[in-house]
Amino acid sequence: MLIQFKAVSKVYQMGEVAVHALHQNSFTIDSGEFVSIVGPSGSGKTTLLDVIGCLSRPTNGCYLFKEEEVQNLSDRDLARIRNEKIGFIFQTFHLLGRNTALANVALPLFYAGLPKEARMARAREALSQVGLSDRIHHRPNQLSGGQQQRVAIARALVNNPDIILADEPTGNLDSKSGGEIIELLHTLHKHGHTLILVTHDKELAGLTDRTITIKDGRIIGSEDPRKQMEHFR
Amino acid sequence: MNFIEIFTDAIKNLSSNKLRSALTMLGVIIGVSAVISMSSIVAGGERMIVEMIEKLGTNLLSVRPKKMDKEDRRNTVGRSKGLRYKDAEIVKAMIPHAEKVTPVINVRTHLRHGDNDRSGMAEGVLESYLEIQNYEIDRGRFLSEEDTDRFKKVAVLGKEIVKDLFEEEDPLGKDLKIGNQRFVVIGILKEKGSLHGINYDDTLLIPATTAIKLFNGNDKLTSFVVKVDHRRNMKKTDEMIRNLLLQRHDGVEDFVIRSQDQLIRNTEMIIFTFRVILGGTAALSLMVGGIGIMNIMLVTVTERTAEIGLRKALGASRRAVLAQFLIESTAISLFGGVIGILLGCLMGMGFGLLASRAITGWNAVILPSAVFLGFFFAMAVGITFGLYPAYKAARLDPAEALRYQ
Ligand SMILES: Nc1ncnc2c1ncn2[C@@H]1O[C@H](COP(=O)(O)OP(=O)(O)OP(=O)(O)O)[C@@H](O)[C@H]1O
Ligand SMILES: [Mg+2]
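Here the protein sequences line up with chains A and B, keeping their order. With my numbering, letter number 188 in the first sequence gets 188, and the count goes up by one each step, no holes. With my numbering, letter number 168 in the second sequence gets 168, and the count goes up by one each step, no holes.
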């Protein structure tokens, strides 16, 4: 079991008011799965992904990532887990505008402490995986939105993570390049990567192994993969 | 962690917003160049004054007859014979801190060699005069004990006298007429220049005993000069000489003792005051520069919140983020410091050159210690004032930072 949530809650304290972004959620995700998360705006999808991605700790409950209790780990350990085991893809790409595609992709390896040659070699490889070998020296503003998101995917891949988390990766793209990105994610899945995709698009969600539906911070449905497959047939 | 890469990254960041970086550096540039240029100006002035004082001779007490009015003279008639040769000898013998003593007997007279003549002053002194007044022998020798003991008619000349009387001729061993007396030139003094309108090269020295015997007829002194062994004994020695002379002069204070100590003390006080003002100004302007850095770094951290969130998501530890921003603020102060050093040296040298043209004895001085200090403080300011913004960046929550638009 890669990920196991046991009654995980996340509460944001805003002065007097407590915002319950996640409410006692329990579920598991196995290695090799492609899971989608859907739900209305403000339902807690990004918050859920933050906790899964070790960007924030749960307020209550127990979160096991590869059998390790995340809520008890130090900031430094969380940073190490994010660096080595998790790849992030964002709606707004989050590329560094001053850096080339290659430098952007190599950044996680810098924090991993790899020597420069190794970083560059692996970043090149990751860029070729997303079909951008001919754009490695371009800066983000010299790339189309779809290309930028592919650079971001290469960056998520470069540390060979256990899981890739994508928060509305097509939200800022037109349908054609969005489609290409989804296709790329499916290709990664076929190659054995574990993925979580947050999306508003029911159709895109339907193409994944399993869909977790969340509302007001509560998971209200986690469709069975097999049933999903039948439905797909 | 690779500091060189973080540093080059910081440079990239700073050069992506050149105007802002330059303006931020300005505070440090002004501070550091102020430190260096002002310290070079103070050092130039200080060196000039020190050289002046050293030219006069250090740790000297000079005893002269006091000008007495009629009233005083009437009251003390017959009690004291004034400042005499014996007074100088007794002081040398009795005062422990009086290291060297020389009487001075001035003889204003006529000087002649061959066809050249002029009026001038011969000073009757002892062999200790050379060291007391910081003269050096250029050629030949100085007056000796034997010259004094035997009332020899020998003379040591300054360059100005040589020029006037001997022109191109080598004066050593030649005759020189002082008044009606024929003297032999035995030595020539090294050039010393002039100070306060006194030309130290317009000097003619003869044995004190000769001066008394040939010109004065009595052993009254123009003055006598005492070199005290150490500066801290100046005041004590001054007091002891006064008491000794009062005793010998039957309680009549017909002499004055003058010292350079007060002059030196005043000078040091002025220099110290300048130093304090300089230090304060420099510290203040560096501080202002530091606040500028802090301000801009806080803005930068806010602007780049999303970037910080991303870096943390990719695995940057708190320390890595802290290092990144600290290196950036340090880079600002580093470049500001280097530019400030160059500018400060330029201003210091420029002022020094101007001053050296206007004031003789002034030299342009750049203190290496000021350069190092300026550099050190620039770095310290960059680190100190960069610390809080960097700390703020380091402890940003990654999830919230990523949501920041
Ligand atoms: N830092 C925070 N402080 C307080 N409340 C927060 C914070 N972050 C999120 N929230 C609240 O938590 C809830 C869940 O937010 P979240 O961003 O996870 O929703 P979402 O499902 O991702 O929405 P969207 O589809 O619009 O991206 C919202 O009500 C939001 O206002
Ligand atoms: Mg969201």
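Everything labelled a hint here was simulated from the structure, so no lab data went into it. There may be inaccurate statements among the hints.
As the list claims (entries may be wrong) - Result set (EDC-like, lysine to aspartate or glutamate): computed pairs, CA atoms no more than 20 Å apart in a straight line:
| hint | chain 1 | residue 1 | chain 2 | residue 2 |
| --- | --- | --- | --- | --- |
| 1 | A | Lys116 | B | Asp250 |
| 2 | A | Lys116 | B | Asp261 |
| 3 | B | Lys67 | B | Asp250 |
| 4 | B | Lys227 | B | Asp261 |
To be verified - Facing chain A, from chain B, some residues (calculated, C-beta under 10 Å):
| hint | residue |
| --- | --- |
| 5 | Asp138 |
| 6 | His249 |
| 7 | Gly251 |
| 8 | Glu253 |
| 9 | Val256 |
| 10 | Arg258 |
| 11 | Leu310 |
| 12 | Arg318 |
| 13 | Ala358 |
What the hints assert, rightly or not - Here are some of the chain A residues that sit facing chain B, going by a computed Cβ distance under 8 Å:
| hint | residue |
| --- | --- |
| 14 | Arg80 |
| 15 | Glu117 |
| 16 | Arg139 |
By construction, the Cβ of each residue, glycine as well, lies at the ideal position given by its N, Cα and C atoms.
*asked:* Let me make sure I understand: some of the numbered hints might not hold for this structure. Which ones are they, in numerical order?
replied: 1, 2, 5, 6, 7, 8, 9, 10, 13, 15 and 16
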